[in-house]
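A.B. asks: Chain residues, written in single-letter form:
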Amino acid sequence: MTTSSSPFEYAPAPESRSIVDIAPSYGLFIDGEFVDGTGDAFPSVNPATEEVLTEVSAASEADVDRAVRAARRAFEKTWGPMRAADRGKYLFRIARLLQERAREFAVLESLDNGKPIRESRDVDVPLAAAHFFYYAGWADKLDHVGLGTRPRALGVAGQVIPWNFPLLMLAWKVAPALAAGNTVVLKPAETTPLTALLFAEVCRQADLPAGVVNILTGAGDTGRALVEHDDVDKVAFTGSTEVGRSIARAVAGTSKKLTLELGGKAANIVFDDAPIDQAVEGIVQGIFFNQGHVCCAGSRLLVQESIHDEVVASLQRRIGTLRVGDPLDKNTDIGAINSADQLARIRELSDIGEAEGAQRWQPACELPDRGFWYPPTIFTDVSSAHRIARDEIFGPVLSVLTFRTPDEAVAKANNTTYGLSAGIWSEKGSRILKIANQLRAGVVWANTFNKFDPTSPFGGYKQSGYGREGGRHGLAAYLEGAEQ
Amino acid sequence: MTHVLDPDALSDDARALSVPLPPYRDATRSDSAFRAFLHGLPGVDQVGAEARVAQLGTRSIKTTSKAWAIDTAISMVDLTTLEGADTPGKVRSLAAKARRPDPTDPTCPRVAAVCVYGDLAGVAREALGDSGVHVAAVATAFPSGRASRAVKLADVRDAVQNGADEIDMVIDRGAFLSGRYLDVYEEIVAVKEACARPDASPAHLKVILETGELVTLDNVRRASWIAMLAGGDFIKTSTGKMSPAATLPVGLVMLEAVRDFRAATGRQVGFKPAGGIRTTKDAVKHLVLINETVGPDWLDPDWFRFGASSLLNDLLLQRQKLRTGHYSGPDYVSVD
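Protein chains in written order, with this note's numbering: chain A, 1 to 484; chain B, 485 to 820.
I should point out that these hints are in silico values taken from the structure, not numbers from a laboratory.
All figures in this text were calculated on a predicted structure; none of them were measured in a lab.
Take these hints with a grain of salt, some might be off.
Said to hold, decoys possible - Heads up, simulated DSSO-like pairs for lysine-lysine below, C-alpha to C-alpha not over 27 Å straight-line:
| hint | chain 1 | residue 1 | chain 2 | residue 2 |
| --- | --- | --- | --- | --- |
| 1 | A | Lys141 | A | Lys89 |
| 2 | A | Lys434 | A | Lys412 |
| 3 | B | Lys805 | A | Lys330 |
| 4 | B | Lys546 | A | Lys330 |
| 5 | B | Lys574 | B | Lys725 |
| 6 | B | Lys550 | B | Lys765 |
| 7 | B | Lys550 | A | Lys330 |
| 8 | A | Lys257 | A | Lys462 |
| 9 | A | Lys330 | A | Lys451 |
| 10 | B | Lys805 | B | Lys765 |
| 11 | A | Lys428 | A | Lys412 |
| 12 | A | Lys330 | B | Lys765 |
What the hints assert, rightly or not - Stretches of chain B that chain A covers, calculated by requiring three or more beta carbons in the stretch to come under 8 Å of a beta carbon on chain A:
| hint | region |
| --- | --- |
| 13 | 529-535 |
| 14 | 592-606 |
Ideal placement from N, C-alpha and C gives every residue a C-beta, glycine not left out.
Chain B extracted, bound-state conformation (with noise of 0.2 Å):
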């Protein structure tokens, strides 16, 4: 096979590698040692996960509370467009509404970030200017992440310098189902490195699991621990590009992962759940998740986001309905 990169080079970059934070600095020195390690981390009933996120689901956020769980949530949002067909255009339309939600309504807040294919970060950077709207890019050969390290590198890189100050990347699935952690490991830690900004400090760095393709909650708890040893700065559910995404007993594990995590380090790392989530009810269902599973310290965009499109337009027609006390309908919101 031919590679157009020379795949002895790739390594270069993932072998000057920070170590993990103390007390696991000796977590990643061996293959054996990682997969010890992972192994044993705490094991996850699925039965009992489904029924304590079923529980939080009953949960009733009336009044007052619902108004802020909306407002938080919109603050919170990562508007996503990633389609083959995506223009210019249309993530300048994007922009536009990211910067104000609700064109009648001054009092909304803007979204965190607005989420696109690397090669059109700079257009939303252009559009977004001093807002203060992050732009977040997928890279990593989003959404398989089957591509040789170079080319993933590559595309982070060129993600940052078009204005990403946000990479939302993919862990490699086939490394981690086949028991390659290490692989998993140094990747992640590679792609940090190439999110360094020579003017700026490094683009935060999203650890994208795609939970769906790892099926059971110990492979979440266990991909969770990778991404946030080798240094993630939130680690994320989904690509939005299968089914199922954001579940809640995914966002309740996830959840668990950066709290332990930070107890055991000190580092806080924040969680965002994205695909699947569609509705303000949803919305609120993660808020209580996350108030009641780590604590107010991730009620905050910095960290927790939500990955979503059509959700932003739910919240919108909640948060007129709150402030009215009627429904309008879908020609009250703009269309993306």
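Same shape as in the complex, but just chain A (with noise of 0.2 Å):
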């Protein structure tokens, strides 16, 4: 899709999928083997083309049993006691591997999951990689996290990941989990499973002793019996506001940590003194990064009155280049929605927003006849009080509000359940110091949006979630006798 009839249309540039060799079907991962699952199998789907990929093991109950008893004589016989250094010798291993399989890595996570091939090789595999090497780096070195002498592992992780960054949220929570001692039962979403296989093959090959990582694939029920399993010591969880409140009720009364990584409605605020070019290019990679399926996204713009009309003009123009369609072309900027359930979900919302007055505009777009598709959405006159403003769409749609003081910015960005992230858009240093105090989100970017670090923690305030992931603090969720 391009503006106009443009004499330089770029000619299709498909990613090549011989690379990545998927089995007709796969069992679980469990204490280094791949074993069939006593539950039912069910299809993982190209959301692309909506192609059957291949079918996946539901684990049951006694899976879930099983994996975790995996978990636990591996923390106990060979992860636990052995030596820090060593430990860490096996995760430079896997973010060596992860680094030589990253074109393969790349290709199966854009063609399970939806997002375009550039996204897959220039974000979430580099960076998976990168948080294996940060946590490497930390395993022989606990004593100096600062978190008190002698910091010990918990034991045996629970961890359910979505389906936005399948492999980049499995490195999140599993470098640091493995890199403070503790031994890990991950299960991936149900939509996107395959790199977490792929991962459990880099387990093997890194030669990572049996039962220290172990995939679960599932749905919600694998994801339940597995947080509520009374030998899991920690239980991890990323995802929807709505499931992370189950996982707390479930959770609590028991000795098992929590941390949780909820939904996000995030304000991207653009004052008049902005830079409106990288601005604009800001609020772009903000809201359509990843289709928009990102708990941080900077779904709501709070743009001042004065440089409302200059930066939508822009935004639209700026929007009519994003070029949709096959996630492997290597051109393609907004790939497939991830599911049906979840364009329905757009969907709804969006229509909820114009029935409820806003305008909304959407570029000139062909989309592809098969698979999930939405296209890249504004919408303007928006209110706070429209559900728009208000609930998480987790897709492609930007509301966009105004303000007229930086007080006023403030109170709106803040006016949310939510807390994840915050982005502010001037020139003006001190303004910027200013308005990042007041903000109640976890991270906010100063003139960027959507950046991340393995150095850098990560985390809510308020229906967001709690605990850190990423960084020293990243640590502290994985480890006793430490202060969060």
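Reassemble the complex: the two chains are provided individually, in unrelated frames, and hints are given to aid placement.
C.D. replies: Laid out in structure tokens, this is it:
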């Protein structure tokens, strides 16, 4: 898709999928082996084509128990007693293997998730490797993290991750857990299990001792069985606030430690002294990155009233150049919506936005016939009371609101039940620092958006969850005798 | 200090000036007004600009689109020689190459212009005849621009008289960096007037900002606006005599400037990156940058040029590769 008929049409430049070898069906990865699950099999679908990629096993309660017992054994017999420097060595090895097999992971991620190869190749996979490298370095330095002397591993971590960044969220969860000396049982999302299964293969390739990492595919029931298992010491969840709440209830009254990384409705605040062209890029990056399937997406644009028209016009022009289509094409900017369910939710909330009086704008945009697609969308004339300004849409839909003064910007930005991230655009450094201190959000970006780094902690205020992932803080979530 | 030319006489040229196009008529009414205008332009975040061009740099241009891009790039080259050792023979040889870049393939497009020093513009004019290839001459005490205004204007008139139909001038970077924006503006206006030709439309004026000396992207944006307001037909990054020259972030900011200027005034200004663009890959990145920043209106030799010398041979080698399926070598294109 381009704005007008340009003589410069980009010929298709698809990344070859021959590098990945998808088996017709997959079992579970328990105690270092791929084993058949006892639950039902379910398909994993390419959301760009609705093609069934493979069948995976839904882990039953018995499978979960098997995996947790394997993880416990590994914690007590091998991984726990192991010299910390040796644990680090395994993590470095995994990090290098992720780099070596980067293209394979990127293609598989785009096939299974629908995200453009440009992002899986340039963001997801390199960042996942970076997380392993970063935490590998910490493995033998835990005494010096600043969490007191001799912090101890918690034991077995039950981890449940979402479908928006399947491999990256795995890395965020597994790397700090292993570096701190824990063993893990991880459940990837129902719709995106394939890179986690490939990661299991990498664990074998790295000779990681059996049981240190266990991967259980499945849906909500599997996740529930995992977080409710008595022998799990730590639960880490990334996903929706609704599921997070039920997990919090499930672990209440147990000794399990819990970190939750939930939804968001981030404000991206653009002041009239902002670098406008870069702000427009940042708005696009903030809401259309990964089709908007980002918990910290800048889904509420707060723009100073005096530059509203100019910014919206620039934004529309820029959105007109976004290329929507085949996720494996190297020139694609926006890929497929991950599932039919998610597409239905995006449609529903967008329709509500229109019904409530906001103005919907979408570029002229041809979408493929098959698969799950939604065009980049902006809503103007949005009020703070509209549902599209309050509910997390988790799709490529931006709500534009205005403000007149910095105080009003802060008040509107904080007027949400979430508090995961925020963005500030201004050329004035003192303003950025002042506003950043007033925002109740875990991450505040200044003159950029959706930038991630393993050294930087990430997490939310309010209904966006608690606990931090990344950086030194990320280790605290997996250590005992350490303040979080 | 003794001036060969009366310095007071110079500014006469500059005073009889037209004012900028609406809505910017008032912008140049005083030093302070002009300063306020230029400093009121939105700032440029360098990190963001670099991230944007890096992202565009990952575009994958293959097969038919690559073939189109190579031919288009060839037709946009200002084939340049700007050496102290330039001779009429060298210029004639370059002119022959400009008319027919690949002697083995008549379907290969000709380049846009030959760019030489002003004293050799006549040689180039004669050698190019009615081929349609333009003659561009650098002027205004190129590349430093350090001469009095009268000398610069005489330089321009001389080049035009010798047959140049495009003038590549340099701005006074010293004046710009010391904040004398109106001086920079007035000089460009004066040069534009000196481009007049009695029996033809005025020579096209390309204004070289020498962005490597302006350093910041904020400065690049301000200098771009000065050049456009003063009536420049093209804004050009660099002389090619220093590094860095035509970087992609600079190109992005200058393209944003021509885009915004047209949106505000209705007048389209061209863009010419020059210096440091040596490979087909570099050229394609620039075409992608245009395509996705200002759109197809600028994908035309009337609105976009590459100032380059060695680029052409790489384009020709890549073109041969697409046609034959294998790489040849440097002996399959002509040495300039």
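A.B. asks: State for each hint whether it applies.
C.D. replies: These are the hints, each one checked on the structure:
1. Lys141/A with Lys89/A: Between Lys141/A and Lys89/A the Cα gap is close to 13 Å, so the pair holds against 27 Å.
2. Lys434/A with Lys412/A: It holds: about 16 Å lies between the C-alpha atoms, which stays within 27 Å.
3. Lys805/B with Lys330/A: Between Lys805/B and Lys330/A the Cα gap is close to 22 Å, so the pair holds against 27 Å.
4. Lys546/B with Lys330/A: 11 Å, holds
5. Lys574/B with Lys725/B: Answer holds: Lys574/B to Lys725/B is near 19 Å, not above 27 Å.
6. Lys550/B with Lys765/B: OK: Lys550/B and Lys765/B at ~10 Å, within 27 Å.
7. Lys550/B with Lys330/A: 15 Å, holds
8. Lys257/A with Lys462/A: 18 Å, holds
9. Lys330/A with Lys451/A: 21 Å, holds
10. Lys805/B with Lys765/B: 14 Å, holds
11. Lys428/A with Lys412/A: 20 Å, holds
12. Lys330/A with Lys765/B: 16 Å, holds
13. 529-535: Holds, because 5 residues of the region 529-535 of chain B bring their Cβ atoms closer than 8 Å to Cβ atoms of chain A.
14. 592-606: With 0 residues closer than 8 Å to chain A, the region 592-606 of chain B misses the three-residue bar; violated.
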